[in-house]
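Just so you know, the protein sequences line up as chains A and B, in that order.
The opening position of the first sequence corresponds to residue 1 in this note's numbering, with each subsequent residue numbered one higher.
The opening position of the second sequence corresponds to residue 1001 in this note's numbering, with each subsequent residue numbered one higher.
Please keep in mind that the hints were generated in silico from the structure rather than gathered at the bench.
Using N, Cα and C, we set each Cβ at its ideal position, and we do this for glycine too.
Incorrect hints may appear among the rest.
Result set (DSBU-like, lysine-lysine): computed pairs, CA atoms no more than 35 Å apart in a straight line [as the list claims (entries may be wrong)]:
| # | chain 1 | residue 1 | chain 2 | residue 2 |
| --- | --- | --- | --- | --- |
| 1 | A | Lys69 | A | Lys58 |
| 2 | A | Lys61 | B | Lys1041 |
| 3 | B | Lys1020 | B | Lys1041 |
| 4 | B | Lys1020 | A | Lys49 |
Per label pair, the in silico range of CB-to-CB distance [what the hints assert, rightly or not]:
| # | chain 1 | residue 1 | chain 2 | residue 2 | range |
| --- | --- | --- | --- | --- | --- |
| 5 | A | Lys61 | B | Val1003 | 13 to 23 Å |
| 6 | B | Leu1100 | A | Ile12 | 40 to 50 Å |
| 7 | A | Ile12 | B | Glu1063 | 31 to 41 Å |
| 8 | A | Glu66 | B | Lys1055 | 36 to 46 Å |
| 9 | A | Ser111 | B | Arg1099 | 38 to 48 Å |
| 10 | A | Asn8 | B | Phe1091 | 20 to 30 Å |
| 11 | B | Pro1086 | A | Ala16 | 37 to 47 Å |
| 12 | A | Ser3 | B | Asp1065 | 19 to 29 Å |
| 13 | A | Glu66 | B | Arg1099 | 21 to 31 Å |
| 14 | B | Gly1016 | A | Lys58 | 46 to 56 Å |
| 15 | A | Gly53 | B | Ser1018 | 39 to 49 Å |
| 16 | A | Pro55 | B | Ser1018 | 40 to 50 Å |
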Amino acid sequence: AQSVSQHNHHVILSEAASLELGCNYSYGGTVNLFWYVQYPGQHLQLLLKYFSGDPLVKGIKGFEAEFIKSKFSFNLRKPSVQWSDTAEYFCAVEVGFQKLVFGTGTRLLVSP
Amino acid sequence: GAVVSQHPSWVICKSGTSVKIECRSLDFQATTMFWYRQFPKQSLMLMATSNEGSKATYEQGVEKDKFLINHASLTLSTLTVTSAHPEDSSFYICSASNRLTNTEAFFGQGTRLTVV
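Please model the entire structure based on the sequences and the hints provided.
Put into structure tokens, the structure is as follows:
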């Protein structure tokens, strides 16, 4: 069965620190990969997505992710986090038309 | 991005009653809607996929007679939890997409259901 694994359940950083959230997937087919963010009390929002092409994907708000096929990974990065990045982050793999399997999520707390 | 609205945002109901949750696409026509459930400290789990005008497709382990899904129009899908029990308490989230025009699905804000 398809699955997505996010290694860090909780991450606490100070402002300006660099961020990397791990995501590994198990899916045998061609993968479309996503990172979503959910700010407190708000909808899930798409941060970035990978369908094909350049494995380094840039998203909104300074986030980027790198698809490494050999490692089945799609880690999310940001060089310098801000307090406003406090949120929960979900990695997901598309297993059918916009049908997603999500990871368990990572709660990020950025202290000012 | 496009807007998807769920109603209600939270609901408390008595055991044995039914609860209806609405998912609306406000500024686009949603040919496909997805219903997810999220238990505390767990991931979002897909429950079912509904295409406008046809029966929903349920994921393995999801009881179709308990979780009734209707997608009668291009802007509205409803999930009815029938004869709710405390174990149905969860966070239910919908997403909506247009197969022809969207490259991503857009999510509602979720509905927290508590069955007492």
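Here's how the hints hold up against the structure:
1. A/Lys69 <-> A/Lys58: holds, 17 Å
2. A/Lys61 <-> B/Lys1041: holds, 26 Å
3. B/Lys1020 <-> B/Lys1041: Holds, because 24 Å separates the two Cα atoms, which is no more than 35 Å.
4. B/Lys1020 <-> A/Lys49: It holds: about 32 Å lies between the C-alpha atoms, which stays within 35 Å.
5. A/Lys61 <-> B/Val1003: 13 to 23 Å: holds, 19 Å
6. B/Leu1100 <-> A/Ile12: 40 to 50 Å: At roughly 43 Å between Cβ atoms, isoleucine 12 of chain A and leucine 1100 of chain B fall inside 40 to 50 Å, so the hint holds.
7. A/Ile12 <-> B/Glu1063: 31 to 41 Å: Because 39 Å falls inside the window, the suggested range holds.
8. A/Glu66 <-> B/Lys1055: 36 to 46 Å: Since the Cβ atoms of glutamate 66 of chain A and lysine 1055 of chain B sit about 40 Å apart, the hinted range of 36 to 46 Å holds.
9. A/Ser111 <-> B/Arg1099: 38 to 48 Å: The hint (38 to 48 Å, Cβ to Cβ) holds, given that serine 111 of chain A and arginine 1099 of chain B are roughly 43 Å apart.
10. A/Asn8 <-> B/Phe1091: 20 to 30 Å: With a Cβ separation near 21 Å, asparagine 8 of chain A and phenylalanine 1091 of chain B satisfy 20 to 30 Å, so the hint holds.
11. B/Pro1086 <-> A/Ala16: 37 to 47 Å: Distance hint for proline 1086 of chain B, alanine 16 of chain A holds at roughly 45 Å.
12. A/Ser3 <-> B/Asp1065: 19 to 29 Å: holds, 28 Å
13. A/Glu66 <-> B/Arg1099: 21 to 31 Å: holds, 29 Å
14. B/Gly1016 <-> A/Lys58: 46 to 56 Å: holds, 51 Å
15. A/Gly53 <-> B/Ser1018: 39 to 49 Å: Given about 47 Å between the Cβ atoms, the range holds.
16. A/Pro55 <-> B/Ser1018: 40 to 50 Å: holds, 47 Å
Hint violations for this structure: none, all hints satisfied.
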